[in-house]
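Each protein sequence line maps, in turn, to chains L and Y. Under numbering that gives the first Met the number 0, think of the first position of the first sequence as 0, with each following residue one higher. Under numbering that gives the first Met the number 0, think of the first position of the second sequence as 0, with each following residue one higher.
Take these hints with a grain of salt, some might be off.
Claimed, not checked - Where chain L lies over chain Y, by a calculated footprint (3+ residues, C-beta under 8 Å):
(1) 45-56
(2) 87-96
(3) 271-282
The hints are simulated quantities; they were obtained by calculation from the structure and are not laboratory data. Bear in mind that the values here come from a model prediction, so they are computed numbers and not experimental data. Glycine is no exception: its CB is placed at the ideal position from the N, C-alpha and C atoms.
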Amino acid sequence: MHNKSVAHLVQGLREKQFSSVEVTRCFLDRIAARDSQYNSFISVDETSALAAAKAADKQLAGGDAATLTGIPIAHKDIFCTDGMRTSCGSRMLDNFVPPYDATLIQRFKRDGAVILGKTNMDEFAMGSSNENSFYGPVKNPWNTDLVPGGSSGGSAAAVAALLAPAATGTDTGGSIRQPAAFCGITGLKPTYGRVSRLGMVAFASSLDQAGPMAHSAEDCALLLNTMAGLDPLDSTSSEMPVEDYRARLDNSLEGLRIGLPREYFGDGLDKATGECINVALKELEAQGATLVDVSLPHSQLTIPTYYIIAPAEASTNLSRFDGVRYGHRCDNPTDLHDLYTRTREEGFGDEVKRRILVGTYALSAGYYDAYYKKAQQVRRLIKQDFMDCFEQVDIIAGPTTPGPAFALGAKSDDPIAMYLEDVYTLAVNLAGLPGMSVPAGFVDNKPVGLQLIGRHFDEARLLNVSHRYQQATDWHLQHPAGGQS
Amino acid sequence: MQWETVIGLEVHLQLATNSKIFSGSPTTFGAQPNTQASAVDLAMPGMLPVLNELAVRYAVKFGLGIGAEIGMRSVFDRKNYFYPDLPKGYQISQFEAPIVGRGSFEILMEDGSIREIGITRAHLEEDAGKSLHEDFHGQTGIDLNRAGTPLLEIVSEPDIRNAAEAVAYLKTLHRLVTYLGISDGNMAEGSMRCDVNISLRPVGSETLGTRAEIKNVNSFRFVEKAIHHEIDRQADILEDGGEVVQETRLYDADRDETRSMRSKEVANDYRYFPEPDLLPIVIDDAYVEEIRSGLPELPAEKHHRFTEQYGLGNYDANVLSDSRSLADYYEAVVADCGDAKIAANWVQVELLGQLNRSDLDIEDSPVSAANLGGLIQRILDNSISGKIAKQVFEGMCQGEGSADEIIEARGLKQVSDSGALEIMVDEVISGNAAQVAQYLAADEAKRKKLVGFFVGQVMKLSKGQANPQMVNQLLAKKLV
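Extracted from the complex, chain Y is given alone in its bound form (with noise of 0.2 Å):
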């Protein structure tokens, strides 16, 4: 049988705040266990939530960027279980009324098209601490550090149908919320966690088929295969004439494999009721409008500006709006050489390569945007070659300056003297006889394949410096 996959995402994403949600303590990833735990994160007797209004102004600012319904009025819940490393038993959640409804967002595939996914919710929480069950010799070290932690959950409607469309969405979301600077986006770190909701049904089906949790995947590779290695597993299942149960599963990046956790059946009831310690978050459109206007230009709005302003294709405007930075970067270059499409070309190949290599980010770059400018304008207007142009780049990212300092250190300017190069193309000519002769010989199709043979000996001659097309011309001149 035919199947067609249904896959729903949620998303955990860490806001970017300095506190956490509902405590002072610090949110620096990487700390001792423990020293970022106060006495509220470690739920001691009495103690309180106190609401982070940077967490709420950043959820306000997702929704917004989706185009979601804002809750006006949202209200946290308590979601009760209990857990050694969920300090209260119960984890401070929205659930009947989250802080931002319905929206959706529009994922580019590599193909070039496109498809929009829908938002059902999102909605603020608290993250829970760490069980460290190693080093423990059969115990488990519990650390509260991340505990409380600000979170949105971002939850999408059943609409992506294959790993390549999840990985899309991932990446479509990770480039908004950077863009929005609500969240560093780590994955490493786990700032960027996803649960794959999947399920199989016949193709022409239209009810949902019975579906399984892939908790906690942590990276677009690992989401890409967990979804590649569950289809394959419902559908032997289904294949067989089984039944998929419904339960959470773990997706083991080490064996490439995904196993049961828990099952439904034995799951928590998490007896939901409106958190008693905190009064609903009211905002007012006045609140939601402030917001609205500090909001940068959106990933989706710089991609189409690209297209249309520099005449960038799709691919390349997807590549260049990637992050704010690397778009600023471009922009910047553009602004310096008025050239947009050789500008994308060597921001995308040259720069981005060297810094691929390097490991670095565009803020670290070791070529500024006014240097990589100012290197085009030399190869625009003559001054060296594109192949020349490269070696002034590893100059440039080697620190030595900008790219008409290089040039003149290096002594690479291009030789335009008529008279210099006409010397070197006599050189060449009288040292050549034979494949002169050759050239005489031929047709003028066969010309103008054999004339770069001695384009390619002047070029050696004035090691690179020669100007291509005087070389062309004068050869064109005296090869009669």
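Just chain L, with the same shape it has in the complex (with noise of 0.2 Å):
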């Protein structure tokens, strides 16, 4: 049962092949005998599972069942659920217990799915192998001595060792595919604005999305479906309307443009990855797409330009978090000032303490217009480079990452390295697009992820184009030794 997709989770609970309950169970024993292994789960309530469950079966009998009901999904712990510990990987919000869920969650919850757990993270999304979280770092199923990715790295972790059927990230850089690639597995982040942000703890506001991540690509077009959609409450959530993201899975490749930017594939891709990629792409042209040579001239201002406007919207974001009304708050604080700073120091790890710095500095008097304006221009620059690559094709395709999964502890003492790993994904977040993360092969045994960037809200091409991939193929169907049976 662990090794089925969601779709046959459904079909299987529709024609009564297992009830949501022992569907529940099962990934609960997986997560209780295995998950010390890989530490992808920061918070795991069995009982309100079980419960969830049970309701969730009273419904499939009633025959009023939604397509996810009774489906367990294991949520990043940066999704407030009511009444259920919300840490975000950090010590400062360790004892935090929201008394209300993200619009997400109660979208799944309206839908019926049971929340399995909460997965690890980097603390606050900051980071890119999972080794910046209070509750310790995530391991790569596929080699625990590798990193998963970061910073949805236990979604991905437990998706891949089979330890939930599917799991909800957020990317703000590069956080959901990146640890999807990793972990080899299907990760989407949907076009900004698409899913909603409401009762997601914010890095940076501009640039967080949250999307699914799978096995399949089928998979996140069924998650995709219920998390999508306007909320009143997020007013940069879309009015677009939302599509069934299954109708157009089979559509043939047939005539497609899939854009290859040769930014993506110069001199800091490693070379098997790269290897990989191409094989995948020949997979695609042989379903009928045709490969276009595109350029994305402002690629090499990405990076920085990222790491200005994120680490400054996420000072700003983070200022909340002072010990005064919920949350970690040092001991005998002796004036305010010793309360913020303590509480501050002692709530926020390295990482965290590091980018409200840089962000802070970014937007400081004297220096805005040099740093965070100017990036804000670049920003449109690099966004105006893909509306006009997407003049000529339908889609743009690359590695997720320049390689496959590093060793834990190899980057986390080189803050730059480390933020060299999202070269391919930063700049799909500052142009708001959506972008996902497909199989494509290992390396060495570790996993290698195809990128798929679209158009603005054509999620339905992505997880068309995915699909058929992986109708051709069968990475996505592999998974980790210790992960089977």
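The task is to assemble the complex, starting from two chains supplied on their own in separate frames and drawing on the hints.
Here it is as structure tokens:
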């Protein structure tokens, strides 16, 4: 049961092959037995998960079930869950139990999905290796000496290790796509505004976007159907109508034009990874797509631009964690200043502090024009590059990451090397575009991800291309050895 | 040296919306602490602001009311600073692109002169909560009921030259915003709070001196006193050859002094940047025109009309146009009685006097405009004298009914029966022989004065109900 896709579980529940309680129990047991190896969950509440499963079984029996009714799903611990701790991977929120659900959680609950647990993550979603969690690093199920990627590393590892059939993640600069690539699963970062941000702890408001992480494009489509849509309580959520993301999965790729940005196939790309990507592109070509050489000329500005805008927004988003109303508070503050400084000194980890410092600096008087304002101008150029490409092609393809998963600790002392991990993913967030990572082979038994980037709100096409690719390949069906049985 | 005072005012106006600017919490004043603070107001993780459209509408109304440029695309920014009653660690405000641009309005000084004061800008922002330092034994209580209340910050040009102008500016502004219905203007409840920027410069100088900012002055009287105090303080420093420090000061009403709160050198760098959780506010001409077409007659227009249409002087027009309800009341009285000047007199002297004494607003007046109009009609048609009318008015205040009902019930109708009056006149003449002799001996000029005595006696005899005009005529006939 544990190695079934969401689509198969949906079918099995409908056909009464098993109940939601049985499915949920199965995954809870696997978490209990195996997650000590991976550390992919921060919180699991068996009682409420089973209660929700029981309720779902009733709904299923009554015939008024939604597609996801009874499906257990793991959620990144960045989404507020009513009555269940939401830590965001930080000591700051280690004791925080929200009295409300994020809109995304509400939508899953509305559709009868079961909350399996809350997954580990880099603190406040800041990181590319999941080594920045207050709850310790997550291990890559393919090789526990490797990082799973970040910041949604817990979600990626949980799905890869078959501890959850699917999970949610968030992606501010690659945090869904990069761990999906490292863990050999399928992940989609939707268009900015497609999924509500309400109740999702904010990292960088203009970049954050939630999305599904699962074994296949089809499963991602099923999850996105529940997640996507206007939320009147998120002013940046889009009024664009939501389509049924399953409807176009099987469309032919005949005539599809795929742009290959030459900047994504240059020197920084690991050779073996590049070969996997080329083989994947050949498969798409074989299905009737045309490969077109394109350019994103401002690509080299992506990392500096992102690392001004994201920390700037983060520095003020994280101001609310002051020890006054909720979350960590230092013991016996002597005065207000002491309350602030010790609370934040104790509550935040190093990477979070580093980004608050960088962001505060970038916004300060005298530097604003040179940094933040300039970065926003460059951001427009980066977006324009994509718009120009989409005049010639329907989607853009390339590697998700410069290479496969690296060893735990390999880059943890070198923030710049860590930031370079996101070189192919950041621009998608700056431009607000949808992007996916699809399993496309292995390098030394380490998964490789093919990245697909679409026009705004063209998620259905990304899912279509991924699905067609997955119909012809079995990379997404391979599971790490430890996860079998 | 002769110093010129330069004053600019920043007014924080609380907009009269039912809910907060970025959340659905109510804005009712005086609720138990933290009972009107939602997850958004508390800045719980993941919470997002949603703009209250009515606040935008009110801001545009204000902009149109002062003939300002309306920001067709205005942007919210985050103003970052740490304070316990600022839950997000930033205030959502507007920095580079405010909703209301440059405008101006005229203020009327006591001497009847008119000054035009420029408005630099007005922008929307959210209020902070309150820190309560009493009752917590060395700790601070935080009440977030007020956090997120919509404010319009109205910034004047440094066009104001003295305390009287500052007060006139505030009163005019207060009148404007209550006319527009965008604020209750209740200063005691903090609906209109004022920061005073003040500096001195030698008379004739064009450059501005260093200013001090006096924060949160919450009544017209305190504004006046704070300015007087601050002028003296700065003049003393400058006369001694010193330099005024640019700083924020607090006016202490109990001690009637200002004192330093913090100097700008250590002040916050607010790190303004566009609020990514909100889209820019984009409005179109149709939206603005719809609001413009719904604007009421504004105080300045009404004032002007009162002088033209009713022949009122500046002072009377000013008092009677003080609020929309008073002006409406006055115009209803005029419509009933047909005499604008007597109506102006009665409303200002008797009615406002009575309301003042009983601490009532015009809306709660015990005397309706129709009743007051009816009363004035009875004066005009000589049914009662002005003096009797005051008794009738008192009866109205007691709820005794209309003028006619009270006159009837109290038997106050003016005696205009010449037979009855003649009897009274005869009685007075025969009872005051000495005064009659004195009168008859006097010349024409003196007689005019002396006749008053006889009129008074007749009025006394008639309990004030004799028609004075007829009494005069009868006396003139009989005293020969």
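Evaluation of the provided hints:
no. : hint    : result
1   : 45-56   : holds (count 6)
2   : 87-96   : holds (count 3)
3   : 271-282 : holds (count 6)
Of the numbered hints stated above, none is contradicted by the structure.
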